[in-house]
Amino acid sequence: MAITAFTAASSAVDAPKRRSKVALFLLLPGLLYLALFFLVPLVSLVITSLQVPDPVVFGKYTAAFNIQMYGEVIGEYGTQILRSFFYALLATIFALLFSYPLAYFIGVKVRRWPILQGLMIVLVIAPFFISFLLRTLAWKSILSDDGVVVSALKGLSLLGTQDHFTGTPAAVVFGLTYNFIPFMCLPLYTTLERLDVRYLEAASDLYSRPFHTFRTVTLPLSLPGIVSGTLLTFIPAAGDYVNASSQFLGGSSSTMIGNVIQSNFLVQLNYPAAAALSIILMAIILVIVAVYVKRSGTDDLV
Amino acid sequence: MAGASASASTFADAGADLQLVGITKRFPGFTAIEDLDLTIPAGSFFALLGPSGCGKTTTLRLVAGLEEPTSGQILIGGKDVTATKPYQRPVNTVFQSYALFPQMSVLENVAFGLRRRHIPDPVGKAHEALRLVELDHLAARRPTQLSGGQQQRVALARAVVNRPALLLLDEPLGALDLKLRRQMQLELKNIQTEVGLTFVHVTHDQEEAMTMADTVAVMNKGRIEQMGAPEELYELPRTAFVASFLGQSNLFTGEVVETTATTIVVDVAGKPIVVPTARAARHSGTVTIGVRPEKVILQTTEPAPVAGENVVGPGRVIDVSFSGVSTQYIVEVPFLGPVIVFAQNMVFGPVVNLGAEVWLSWSVDHGFGLADDPSDAPRFAADTDTVSIALQRREALAVELED
Amino acid sequence: MTTQEALALDLTLDTKRGRRPRAGRFGLGSLILPLYSALALIFLLIPIVYTIVFSFNDAVKTNVSWRGFTLNNWLRVCDAPGVCQAFGNSILIGVIATLIATVLGTMIAIALARYRFRFRAATNLLIFLPMATPEVVLGAGLAAQFLSAGIPKGIGTVILAHSMFCLSFVIVTVKARVAGLDPSLEEAGRDLYGSPAQVFLRVTFPLLLPGILAAALLSFSLSFDDFIITYFNSGSLQTFPTYIYTAATRGIPPQANVIASAVFILAIVIVVTAQVAGEKRRKRLMKQTAGV
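Protein chains in written order, with this note's numbering: chain A, 34 to 335; chain B, 87 to 489; chain C, 15 to 306.
Chain A on its own, in the form it takes in the complex:
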């Protein structure tokens, strides 16, 4: 899938695949590990979400089948759930608008100079190499009330003197967008880098002006990259809570489902609630992935 963003996948001839016991030996350890530490935790979550509080000890829960938890949780945190997906959607759209021209420039226009191309891509993924938290904090400082940006905007009367930027939904979306730009840009770049320029030449030869060529040739041919990038951005963004947390860019009106899960699990020790919310989040994500898989099959995923 999109993870070809991280690798220069070359499409060589497929080696003939053999049937052998060796395959089993190679697969089993890793798959067992995944089953144990991925599937089992998910099952664990489901079980936990159905538990009821122990009547005696606070913070302890006993096995039960309390489906009501889901209803409660949706009722209480419905806004946050919707808000998370809304923010994620916005962040994805902004990231796409930001990244596409950049990816196009690096992948198509700079092809003549491979070293420059490589360096520019390194710059795109450079944010990855500095701690996620520190970059978000950096923005918090830069965009804080006494920072340069806000002062300038206030000076230009674009912001009222009472307004602030950090702690608002806008700041959260900004943070999400920034942090996920590399996730959007890389798959786009991978696809655009492979774009055969001869199609563009053929279109121009057939009287198509540049913008029309972009719309009818470049865009459709880069669609796989767009889809990959969108999935890679939207899914983690929906579950993010660092950006929205109040130590960072968020405020009380912009909490996302991630914050809720975190506070329920680690602070309030309300494990069933946290588990139920996690399952709900996971379910929605699975639906999106299922739609994608239905269209493109599973071979492309890994």
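These are computed hints drawn from the structure, not numbers from a lab. One should not assume that every hint holds.
[Stated by the list, open to error] In silico BS3-like links for lysine-lysine, alpha-carbon gap of 30 Å or less: (1) Lys-297(C) to Lys-307(B); (2) Lys-307(B) to Lys-171(B); (3) Lys-265(B) to Lys-381(B); (4) Lys-307(B) to Lys-301(C); (5) Lys-165(B) to Lys-307(B); (6) Lys-275(B) to Lys-381(B); (7) Lys-307(B) to Lys-357(B); (8) Lys-93(A) to Lys-167(C); (9) Lys-171(B) to Lys-211(B); (10) Lys-211(B) to Lys-165(B); (11) Lys-275(B) to Lys-265(B); (12) Lys-187(A) to Lys-75(C).
This structure is a prediction, so every number in the text was calculated from the model and none was measured.
Dock chains B and C against chain A, hints included.
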């Protein structure tokens, strides 16, 4: 001659002249084309022939507008189009890789150019073009679902449907197998005559060029060496490159020792060889003359001297090579070097065996004289002809062994 | 160098360029795009520059306002309590998790690319899902599981967690590499009397090594920078990211900036060197094979 579609088109009537004036194209590191002048008359099927790297594809791309010349002008139908973009020129290209848009159906591919120019009834015209190449039944398929030959025909239809003043074909038959290629050559020729467009066909296959084109230009290292009808180029080459690139030639260098009203006599390693003046570009000094291998006759006994015939020999047959229609013999003639002879296989088996002693003769009228000054070119100047290279090496080896 | 060796070497360099024509004169205004790209890249680098700059800040308690330039933070990195320990923990966890993930992942990648087996679709899905699952869910799930199993949170649980989510990324990276290998190289190895084990050790594995190293690097960086999953499963153990998170309320010491900057610079140097070296090698090979 069928004209352009009668619709609201800003392009000239079908089949416009193409003129390249003083075109130079430099890339960083090398010059692809140097001071090229070329005029292609309207309505002709023109072939640009040359080895890889000679600049023919660059020339095509310059005409299409996909490259900008470093200097010079390009005129289509008398209009200077040098500064215009590809989508502004009445030129369409059939690309070597076909470049069919994979996300569109075959029909949409063919209709693409028509839609861009807002020609009415693009779908109808696209179907018409597909019928011309006999692929209308595959109109709904995607290009990836077609075979190579079918894709090539779709690419052709996509270009032809626009009735451009100039249709450029960039080695479009390269990926096809022999039989299909022959078929497509005939079809292309038919379509060109039927529709009346000016075709400019770029290829390195000299057989293809000679079969299809009305006019052939042989290009070498960014320049046109000779241009004319295929027969003219073949029977009367002007340069050693053309003589060796188009078919094969036996070339000999010597001094002109005698000139008469109609002939020149050249002294090649002691033997007098007669060449008609009308077929010799240079009449004095050191010249290179030649004769085509199929015009040379093998004689097993020394023939009596006849007027109008050149005889060399005796020589020894050093190679016999069967190639279906004919057999190629290489005869080593002392002081002359290896001479190639093609003899049509009228009987089974070779007419002479390896090692046999033979004489070679050919009609004087079949000889030609090159315009090259041999003092700057080695005897077999065509470095792209592997036969010459092999012969040169063999010759060098023979000399070495003799010493 | 034989053509076979050159071919093998070319495959290890993992670049695929030069066969398609370069982009010519098509575009959205020849100046807008480069200008936009330059601005975009500058925008992306702003927080990085900020972080690096503030690592030189002569800060007292909080590192938010600039007070003066000093090299002190760089020279006395471990002065801030807990920073170096957290950093050390992150490194340790990263190394171990990378080892586990790389070994298991490479095995699976080879199996996926080279062997037929049933339940391929299910396997693909199982490998893909961790990458698609939000970190909160993974973190909460693992924490819930450890809770019910009675395993105390600590370095062990963190390592187990990290190995899990790195595994999928390793698989994808290595698999792409395996799929790109020319099968005729291994066939040649077998043709020349190599047993399967020998062919693997002497032909396949060396060719895969760059991909495996890339996967290991990816895995390590994912593990090092992971926060959410770690936070759910670390208990009292501090990794570098959790240290920053908890320090965010009272003020992050500039030493944290120093460590982050150092890691950043190191990472950039490694990546850029690999790229430039790869490109130079490719160019050199092209020249050599052209003469063959």
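Here is what the structure says about each hint:
1. Restraint check: the Cα-Cα separation between Lys-297(C) and Lys-307(B) comes to about 26 Å, which is no more than 30 Å; the hinted pair holds.
2. At most 30 Å may separate the alpha-carbon atoms for a hinted pair to count; Lys-307(B) and Lys-171(B) meet this at roughly 26 Å.
3. A distance of roughly 28 Å separates the Cα atoms of Lys-265(B) and Lys-381(B); the hinted pair therefore holds under the 30 Å criterion.
4. Taken as a hint, the Lys-307(B) and Lys-301(C) pair is honoured in the structure, with Cα atoms around 22 Å apart against an allowance of 30 Å.
5. Pair hint Lys-165(B) plus Lys-307(B) holds up; C-alpha atoms about 28 Å apart against a cutoff of 30 Å.
6. Between the alpha carbons of Lys-275(B) and Lys-381(B) the distance comes to roughly 29 Å, so the proposed pair stays at or under 30 Å and holds.
7. Restraint check for Lys-307(B) and Lys-357(B): the C-alpha separation of about 35 Å exceeds 30 Å, so the hint is violated.
8. Restraint check for Lys-93(A) and Lys-167(C): the C-alpha separation of about 17 Å stays at or below 30 Å, so the hint holds.
9. Proposed proximity of Lys-171(B) and Lys-211(B) is supported: the alpha carbons are some 25 Å apart, at most 30 Å.
10. Proposed proximity of Lys-211(B) and Lys-165(B) is supported: the alpha carbons are some 28 Å apart, at most 30 Å.
11. For a cut-off of 30 Å, the pair hint linking Lys-275(B) to Lys-265(B) stands: about 16 Å separates their Cα positions.
12. A distance of roughly 28 Å separates the Cα atoms of Lys-187(A) and Lys-75(C); the hinted pair therefore holds under the 30 Å criterion.
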